[in-house]
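Going down the list, the sequences are from chains A and B. According to the numbering used here, the first sequence is numbered sequentially starting from 1. According to the numbering used here, the second sequence is numbered sequentially starting from 1.
Because the hints were derived from the structure by calculation, they are not lab data. Nothing here was measured: the structure is a model prediction, and the numbers come from that model. Ideal placement from N, C-alpha and C gives every residue a C-beta, glycine not left out. Treat the hints with caution; some may be incorrect.
[Stated by the list, open to error] Some chain A residues flagged as far from chain B (calculated, every beta-carbon gap over 10 Å):
1. 64
2. 68
3. 84
4. 86
5. 141
6. 143
[Unchecked claim] Below, computed lysine-lysine pairings styled on BS3-like, alpha-carbon distance capped at 30 Å:
7. 129(B) <-> 65(A)
8. 91(B) <-> 8(B)
9. 13(B) <-> 16(A)
10. 113(A) <-> 154(B)
11. 115(A) <-> 154(B)
12. 49(A) <-> 16(B)
13. 92(B) <-> 132(A)
14. 86(A) <-> 115(A)
15. 146(B) <-> 16(A)
16. 16(B) <-> 91(B)
17. 49(A) <-> 71(B)
18. 49(A) <-> 154(B)
19. 16(B) <-> 16(A)
20. 49(A) <-> 91(B)
21. 115(A) <-> 146(B)
22. 115(A) <-> 129(B)
23. 49(A) <-> 13(B)
24. 95(B) <-> 132(A)
25. 146(B) <-> 113(A)
26. 86(A) <-> 146(B)
27. 113(A) <-> 13(B)
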Amino acid sequence: MERFIADLVTDLDSGKLDRRQFCETIMLAAAVYAAGEAGANAAPAQGLKAIGINHISYACPDYRKARDFYAGVFGMENAPTMDTGKEARLMFGPGPGAGGTFFLPRNGTTAAKAKAVVDHICYTIPNWDEAKVRAALAANGLTPTGRNGSLHVYDPFDYDIQIGNSVEENAFRR
Amino acid sequence: MEGFVAQKLDDYKTGKISRRRLIETLTLAATTAYAQDANAAASNPALKVALVNHVSYTCPNFQRAADWYSKIFNLDQVGATQNDVALPFGKKGDKPMGVAVNDVPVTTLIIRSRDSDAPARGETTPRRKSRALVNHIAYTIADFNKDRVRAELKRLGYPNPLQDGEHSFHIVDVNGYDVQISGIEMTALGG
Numbered sequence: 001m002e003r004f005i006a007d008l009v010t011d012l013d014s015g016k017l018d019r020r021q022f023c024e025t026i027m028l029a030a031a032v033y034a035a036g037e038a039g040a041n042a043a044p045a046q047g048l049k050a051i052g053i054n055h056i057s058y059a060c061p062d063y064r065k066a067r068d069f070y071a072g073v074f075g076m077e078n079a080p081t082m083d084t085g086k087e088a089r090l091m092f093g094p095g096p097g098a099g100g101t102f103f104l105p106r107n108g109t110t111a112a113k114a115k116a117v118v119d120h121i122c123y124t125i126p127n128w129d130e131a132k133v134r135a136a137l138a139a140n141g142l143t144p145t146g147r148n149g150s151l152h153v154y155d156p157f158d159y160d161i162q163i164g165n166s167v168e169e170n171a172f173r174r
Numbered sequence: 001m002e003g004f005v006a007q008k009l010d011d012y013k014t015g016k017i018s019r020r021r022l023i024e025t026l027t028l029a030a031t032t033a034y035a036q037d038a039n040a041a042a043s044n045p046a047l048k049v050a051l052v053n054h055v056s057y058t059c060p061n062f063q064r065a066a067d068w069y070s071k072i073f074n075l076d077q078v079g080a081t082q083n084d085v086a087l088p089f090g091k092k093g094d095k096p097m098g099v100a101v102n103d104v105p106v107t108t109l110i111i112r113s114r115d116s117d118a119p120a121r122g123e124t125t126p127r128r129k130s131r132a133l134v135n136h137i138a139y140t141i142a143d144f145n146k147d148r149v150r151a152e153l154k155r156l157g158y159p160n161p162l163q164d165g166e167h168s169f170h171i172v173d174v175n176g177y178d179v180q181i182s183g184i185e186m187t188a189l190g191g
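Based on the sequences and whatever the hints tell you, model everything.
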């Protein structure tokens, strides 16, 4: 982006661009930069391409306990019209339809049928502040394990929850 | 933002700022102009989650499962060890869809084989036995089109996927785990 803008300034100084063209080009560049992710998220010519987690289906003995815990501790937003008395939908991240995810606690059997298990989910906390994160966990009665920038706690049904920042929990730093 | 650009241009033209300063300022503005979410996130509680960082999927043969997920969802495998491998939903440096803040990495599926009864790394006591179960994960795929997805699943060996609404299908993976394939139109509010 910096190289691009430097070239624009050169064009402006040499008269190749007028003031209006310069401003419009900067505006367009900003919009394209912001939308860059859209190109990265396009479907391939063949096959399917996963671009995110749509939702997590979580079965437990009492969905209300899970609902209140995840909403209260981790700031997930309960979609009130979708709370059926047997399940709820808790939104987080980008908005619905814009890449957002929802956590779906529901009353249901917890006996695993598959040979695989999702044994924990890790959530990214932006603007991670170690002291504030630990203090907030303590304020909710949670004692974390793990290391700075990557902590584990248990939810009301002893499901393992991990929270992390982008430095400690990043696939490209493994 | 346009007024801001015009103002900085005036400052440059009248000698108030240097050429270098103009370029730096406009570069910063252009790369953050649409990142309002960053400020919103900063004002939120310390524990407000922004995105799934990773899903930890444990199974008897991690490489077999990883190859399945790579094939179905076009995912690269990175950072393999003897026990696990990561399948990020994007390339290094990519921003997750819809996320403006800079310190949120793309979501990753980590597939591993390990003893669930063993203590976690750095711990001495075994993990607790959960009384809850994540019984399926729904993955958002790019450019969901019901007919195209059905055809792709057939090509991939799933001729009869279970349709769930207008924007998703269910299949099972190589370990019999329920996998939902969804369009972005499937949201917490319906779809």
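Each hint, compared with the structure:
No Cβ of chain B comes within 10 Å of the Cβ of residue 64(A); the nearest lies about 13 Å off, and the non-interface call holds. Distance check on residue 68(A): its Cβ is at least 14 Å (rounded) from any Cβ of chain B, clearing the 10 Å threshold; non-interface status holds. Every C-beta of chain B lies more than 10 Å from that of residue 84(A), the closest at about 13 Å, which supports listing it as non-interface. Interface exclusion of residue 86(A) from chain B stands, the closest Cβ pair being 14 Å apart, more than 10 Å.
Distance to chain B confirms residue 141(A) as a non-interface residue, since its nearest Cβ pair spans about 13 Å, more than 10 Å. Listed as a non-interface residue, residue 143(A) keeps its Cβ farther than 10 Å from every Cβ of chain B; the least gap is roughly 12 Å. Our distance criterion of 30 Å between C-alpha atoms is met by residue 129(B) and residue 65(A), whose separation comes to about 18 Å. Between residue 91(B) and residue 8(B) the alpha-carbon distance is near 35 Å, which puts this suggested pair outside the 30 Å criterion.
For the given pair, residue 13(B) sits about 16 Å from residue 16(A) by alpha-carbon distance, which is consistent with the 30 Å threshold. Between residue 113(A) and residue 154(B) the CA atoms are separated by roughly 24 Å; this keeps the pair inside 30 Å, and the hint holds. Between residue 115(A) and residue 154(B) the alpha-carbon distance is near 24 Å, which keeps this suggested pair within the 30 Å criterion. Only pairs whose Cα atoms come within 30 Å are accepted, and residue 49(A) paired with residue 16(B) is rejected, the gap being roughly 49 Å.
Restraint check for residue 92(B) and residue 132(A): the C-alpha separation of about 28 Å stays at or below 30 Å, so the hint holds. About 27 Å separates the Cα atoms of residue 86(A) and residue 115(A), which keeps this hinted pair within 30 Å; it holds. Taking the CA atoms of residue 146(B) and residue 16(A), the gap is about 48 Å. The hint is violated against a cut of 30 Å. Restraint check for residue 16(B) and residue 91(B): the C-alpha separation of about 41 Å exceeds 30 Å, so the hint is violated.
Between residue 49(A) and residue 71(B) the alpha-carbon distance is near 10 Å, which keeps this suggested pair within the 30 Å criterion. For the hint pairing residue 49(A) with residue 154(B), the CA-to-CA distance comes to about 16 Å; that is within 30 Å, so the pair holds. Using a Cα cut-off of 30 Å, the hinted pair residue 16(B) and residue 16(A) holds, with the two alpha carbons roughly 23 Å apart. Distance check on the hinted pair: residue 49(A) and residue 91(B) sit about 13 Å apart at the alpha-carbon level, within 30 Å; holds.
Between residue 115(A) and residue 146(B) the CA atoms are separated by roughly 29 Å; this keeps the pair inside 30 Å, and the hint holds. Using a Cα cut-off of 30 Å, the hinted pair residue 115(A) and residue 129(B) holds, with the two alpha carbons roughly 16 Å apart. For a cut-off of 30 Å, the pair hint linking residue 49(A) to residue 13(B) is broken: about 48 Å separates their Cα positions. With a C-alpha separation of about 25 Å, the suggested pair residue 95(B) and residue 132(A) falls inside the 30 Å cut-off, and the hint holds.
With a C-alpha separation of about 28 Å, the suggested pair residue 146(B) and residue 113(A) falls inside the 30 Å cut-off, and the hint holds. For the proposed pair residue 86(A) and residue 146(B), the alpha carbon gap of about 29 Å is at most 30 Å, so the pair holds. As the CA atoms of residue 113(A) and residue 13(B) are separated by approximately 70 Å, the hinted pair breaks the 30 Å bound.
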